[in-house]
Amino acid sequence: MRVAIVGVGWYGFKPSAPELSFREMMFEAAVRAYRDANIDPRRDVDAFISCQEDFWEGIAISDEFATEPIGGVLRPTMTIAGDGLQCVGQAYAMVKTGAFETIVVEAHAKPSDILSIQEIYELALDPQLRVLEVKNPLFQAGLDAVAYMRRSGARREHLALVAYKNKNRGLLNPRASHAAPVRLEDIMESETVIYPMGRHEIAGFTDVAINMVIASESKAKSYTDKPVWIEGVGWATELGSGVVEWHSWGRMPSMRTAGLMAYKQAGIENPLKQADFAEVEDRFSYMELLALEELGLGGVEGVPKLLESGYYHPKGGLPVNPSGGSLSLGVTLEATGLSRLLEAALQLRGEAGGVQLKGVKRAIVASWRGPPTYTSMVVVVSSS
Amino acid sequence: MAWWKKGRTVDIRHVEGKMETEKYVYTPGIAGLELAKALIEGKILGVKCGDKVYVPAKTYCPDFTRGELVEVKGPWTVETYTIIYEDMYGGKLEKPQIIALLKPEDAEGGLIHYVNIDPKTIRIGLRVKPVFKPKDERKGLLTDIAYFTIEH
Numbered sequence: 026m027r028v029a030i031v032g033v034g035w036y037g038f039k040p041s042a043p044e045l046s047f048r049e050m051m052f053e054a055a056v057r058a059y060r061d062a063n064i065d066p067r068r069d070v071d072a073f074i075s076c077q078e079d080f081w082e083g084i085a086i087s088d089e090f091a092t093e094p095i096g097g098v099l100r101p102t103m104t105i106a107g108d109g110l111q112c113v114g115q116a117y118a119m120v121k122t123g124a125f126e127t128i129v130v131e132a133h134a135k136p137s138d139i140l141s142i143q144e145i146y147e148l149a150l151d152p153q154l155r156v157l158e159v160k161n162p163l164f165q166a167g168l169d170a171v172a173y174m175r176r177s178g179a180r181r182e183h184l185a186l187v188a189y190k191n192k193n194r195g196l197l198n199p200r201a202s203h204a205a206p207v208r209l210e211d212i213m214e215s216e217t218v219i220y221p222m223g224r225h226e227i228a229g230f231t232d233v234a235i236n237m238v239i240a241s242e243s244k245a246k247s248y249t250d251k252p253v254w255i256e257g258v259g260w261a262t263e264l265g266s267g268v269v270e271w272h273s274w275g276r277m278p279s280m281r282t283a284g285l286m287a288y289k290q291a292g293i294e295n296p297l298k299q300a301d302f303a304e305v306e307d308r309f310s311y312m313e314l315l316a317l318e319e320l321g322l323g324g325v326e327g328v329p330k331l332l333e334s335g336y337y338h339p340k341g342g343l344p345v346n347p348s349g350g351s352l353s354l355g356v357t358l359e360a361t362g363l364s365r366l367l368e369a370a371l372q373l374r375g376e377a378g379g380v381q382l383k384g385v386k387r388a389i390v391a392s393w394r395g396p397p398t399y400t401s402m403v404v405v406v407s408s409s
Numbered sequence: 031m032a033w034w035k036k037g038r039t040v041d042i043r044h045v046e047g048k049m050e051t052e053k054y055v056y057t058p059g060i061a062g063l064e065l066a067k068a069l070i071e072g073k074i075l076g077v078k079c080g081d082k083v084y085v086p087a088k089t090y091c092p093d094f095t096r097g098e099l100v101e102v103k104g105p106w107t108v109e110t111y112t113i114i115y116e117d118m119y120g121g122k123l124e125k126p127q128i129i130a131l132l133k134p135e136d137a138e139g140g141l142i143h144y145v146n147i148d149p150k151t152i153r154i155g156l157r158v159k160p161v162f163k164p165k166d167e168r169k170g171l172l173t174d175i176a177y178f179t180i181e182h
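Those protein sequences? They're chains A and B, same order as listed. Counted the way our numbering counts, the first sequence spans residues 26 to 409. Counted the way our numbering counts, the second sequence spans residues 31 to 182.
Calculated from the structure, these hints are not laboratory results. Mixed in with the good hints there might be a few duds.
Here are the computed lysine to any residue pairs in the SDA-like style, where the Cα-Cα straight-line distance is at most 25 Å [to be verified]: (1) A:330 <-> A:178; (2) B:125 <-> A:144; (3) B:125 <-> A:400; (4) B:165 <-> A:156; (5) B:122 <-> B:165; (6) B:53 <-> B:170; (7) B:125 <-> B:101; (8) B:169 <-> B:99; (9) B:122 <-> A:330; (10) A:39 <-> B:116; (11) A:160 <-> B:124; (12) A:251 <-> A:385; (13) B:48 <-> A:88; (14) A:289 <-> A:400; (15) B:125 <-> A:157; (16) B:163 <-> B:57; (17) B:53 <-> A:138; (18) B:125 <-> B:157; (19) A:160 <-> A:144; (20) B:122 <-> A:216; (21) B:48 <-> A:142; (22) A:121 <-> A:292; (23) B:103 <-> A:221; (24) B:73 <-> A:292; (25) A:386 <-> A:396; (26) B:48 <-> A:156.
Given the sequences, and given the hints that come with them, work out the whole structure.
Right under this line is the structure:
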C-alpha cells in the first residue's frame, strides 16, 4: 500500500508575523491544507501529529495547545519534539500499519517571539559544557565546516557558491523572505561571523505554520488527482548528539543512515540518477555540500567539483534547493524539514510558480534539526 | 507606556512573558563527580570502552556498555576549530574567540575549549596543551582549565 501527501497549507514565511499568534497561524495553515485536500478534519482524519518543542513556544507542555487549532479535539493527537519530517515519518509508518487512513502532520515556528533565541540555543548544550562562555551557540557549525573543508578539499569559494546559488534563486520564490541579489564577491568579502562563514552563509529565521494531510493510497485517490507519493522515509540520531565532543567532525553519519533507509524503501540504488531534484539542508552554506555527500549525491567527481560545474544549479543535472533553500526561506525551527517538503510537493504538483522546474517526477528531501543536535531526516517523494 | 494606560488597542503588540529557567540544578552523576574531582587535581578523565577511550568521561559508552573512568594525558592536538566574530544577535565581539575541539592522541572525542593564541596561527593538527587555573581557583568545572595554548 502506498502513502501520499494529499493536501498542503501554510501561513507566514515572513521574518515576523505579528498579526497572528502561533496558534492562529496553525489554524490558518490547517484550514488551507484541509481545503486543498477537500477534507473535513472533524470527520475524515484518524490522527493528528504536531512536531514542536516547548522552549521555542515559551510554554511548558506545549502539546496541550496542539489539538484545538488543527481540529483534533477528542481525536488521537500527539506531538513529537523534533523536525516536521520526523512527524511525516511517523504518519507514513502509521498509515502503513493499516490502522490509520488519513493523518494530519503539522509544524510551526514563531522565532520572532523568541527574544532570547541565543540563550535558548545555549540551553540545548550539555550543562558541563555550558560553563564555557562560547559567544555564539552555533559554533559547532564552524567546527564542522572547517573539518569538512579539510577532508573534502572544498574551498572557501565553494561555500560562497552555495549561498550565491540559493540566495539569488530565492528571488523567484514568494515564500523566500531572506532571498537577496548578492554577488559572489559580496559573499566572499562579507565580514566573518563564524569562521569560515559570513552573514550570507548563515540562514536567518522565519515565522511559519505548515500543515500536510497524508493518506493511504485508496483514500488519496478519492481526495485528489495530484497526490505526491511518499516513497520512503528515514531518520537517525548519531553518536555525538548528546555528548557533542564524540561527534565525527565534518561528517554527518545520521544523514547517510537516514538517506539509505529512505532509498531502500523507495527502491533507489543510484540517487544521483534516480532523483530529478533535491531540497537539502542548507541552514549553513557548508551544510548543503556535506548533506549532498552523505546522501550519495556527489558522484565520482565529488560534491565540490559538481557544484563548480553547475550540476546543482536549477538547469543542471540535479537541481539542488530550487526553492532557494533555508538560506532564502529562513530556518523555521521544527518546521524546517516540512518547509522543504512543501517546496518539493509544490514542484511535483507543478505549482511552484517562479521556481518551477520542468518535467520533475521525483525528489529527495533532507533536513537536520540543527546544532547542537545531530539528528537527520530524509523523505523521497514522487508524482507518479 | 503600557497599552492599557493609553487605552489604545493599536498599542497592543505583545503580551510579555518570562520563562522561569534561571534556577535549576543539574546532578553531575557518577562520571560528572569524578571528572569534577579530577579537574581540581589538574587531571582530565575519559571513559575506557573496550580498547578505546572516549573524552569527556561519561558513565556509559557509545556501544551502551558501562565504561571505566581513566585519566588521559595527551599530547593534545587541534582536531577542528572555528573563530567567532559575532554573537547570534549580530553583536560584534571585542576580540574574536577561538573555539576548538582538542583531541588527546590516545583517545577518541576530546574537549571543546578556548584556544588562546593569535587567530592567524590556528590550524588543524596544531599541538596544544591545557593551562589549568591556580589550584585555589578551581571549582570542579570545565573552566578549571583556563584555556589551551600552543605547546612548544
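Checked hints:
For the hint pairing residue 330 of chain A with residue 178 of chain A, the CA-to-CA distance comes to about 10 Å; that is within 25 Å, so the pair holds. About 20 Å separates the Cα atoms of residue 125 of chain B and residue 144 of chain A, which keeps this hinted pair within 25 Å; it holds. Straight-line distance between C-alpha atoms of residue 125 of chain B and residue 400 of chain A comes to about 33 Å, which puts the hinted pair past the 25 Å bound. As the CA atoms of residue 165 of chain B and residue 156 of chain A are separated by approximately 18 Å, the hinted pair is consistent with the 25 Å bound.
The straight-line distance between the Cα atoms of residue 122 of chain B and residue 165 of chain B is roughly 33 Å, outside the 25 Å bound, and the hint therefore fails. Under the criterion of a C-alpha separation no larger than 25 Å, the hint pairing residue 53 of chain B with residue 170 of chain B is consistent with the structure, at around 20 Å. Between the alpha carbons of residue 125 of chain B and residue 101 of chain B the distance comes to roughly 33 Å, so the proposed pair goes past 25 Å and is violated. Taking the CA atoms of residue 169 of chain B and residue 99 of chain B, the gap is near 20 Å; set against the 25 Å cutoff, the hint holds.
Proposed proximity of residue 122 of chain B and residue 330 of chain A is contradicted: the alpha carbons are some 34 Å apart, above 25 Å. Between residue 39 of chain A and residue 116 of chain B the CA atoms are separated by roughly 24 Å; this keeps the pair inside 25 Å, and the hint holds. Our distance criterion of 25 Å between C-alpha atoms is met by residue 160 of chain A and residue 124 of chain B, whose separation comes to about 11 Å. For the hint pairing residue 251 of chain A with residue 385 of chain A, the CA-to-CA distance comes to about 14 Å; that is within 25 Å, so the pair holds.
Pair hint residue 48 of chain B plus residue 88 of chain A holds up; C-alpha atoms about 19 Å apart against a cutoff of 25 Å. Under the criterion of a C-alpha separation no larger than 25 Å, the hint pairing residue 289 of chain A with residue 400 of chain A is consistent with the structure, at around 19 Å. Between residue 125 of chain B and residue 157 of chain A the CA atoms are separated by roughly 16 Å; this keeps the pair inside 25 Å, and the hint holds. Between the alpha carbons of residue 163 of chain B and residue 57 of chain B the distance comes to roughly 24 Å, so the proposed pair stays at or under 25 Å and holds.
Between residue 53 of chain B and residue 138 of chain A the alpha-carbon distance is near 22 Å, which keeps this suggested pair within the 25 Å criterion. This hinted pair checks out: residue 125 of chain B and residue 157 of chain B have alpha carbons roughly 23 Å apart, not beyond 25 Å. For the hint linking residue 160 of chain A to residue 144 of chain A, the alpha-carbon distance of about 10 Å falls within 25 Å, and the restraint holds. A threshold of 25 Å between alpha carbons decides the hint, and for residue 122 of chain B with residue 216 of chain A the separation of about 10 Å falls inside it, so the pair holds.
Straight-line distance between C-alpha atoms of residue 48 of chain B and residue 142 of chain A comes to about 13 Å, which keeps the hinted pair within the 25 Å bound. The hinted pair formed by residue 121 of chain A and residue 292 of chain A meets the criterion: a straight-line CA distance of about 17 Å does not exceed 25 Å. At roughly 30 Å between alpha-carbon atoms, residue 103 of chain B and residue 221 of chain A are farther apart than 25 Å, so this suggested pair is violated. Distance check on the hinted pair: residue 73 of chain B and residue 292 of chain A sit about 52 Å apart at the alpha-carbon level, beyond 25 Å; violated.
Distance restraint check for residue 386 of chain A and residue 396 of chain A: the Cα-Cα separation of roughly 32 Å exceeds the 25 Å cut-off, and the hinted pair is therefore not satisfied. Note on residue 48 of chain B and residue 156 of chain A: the hinted pairing holds, with a Cα-Cα distance of about 23 Å set against a maximum of 25 Å.
Consistency with the previously given hints fails for numbers 3, 5, 7, 9, 23, 24, 25, ordered from lowest to highest.
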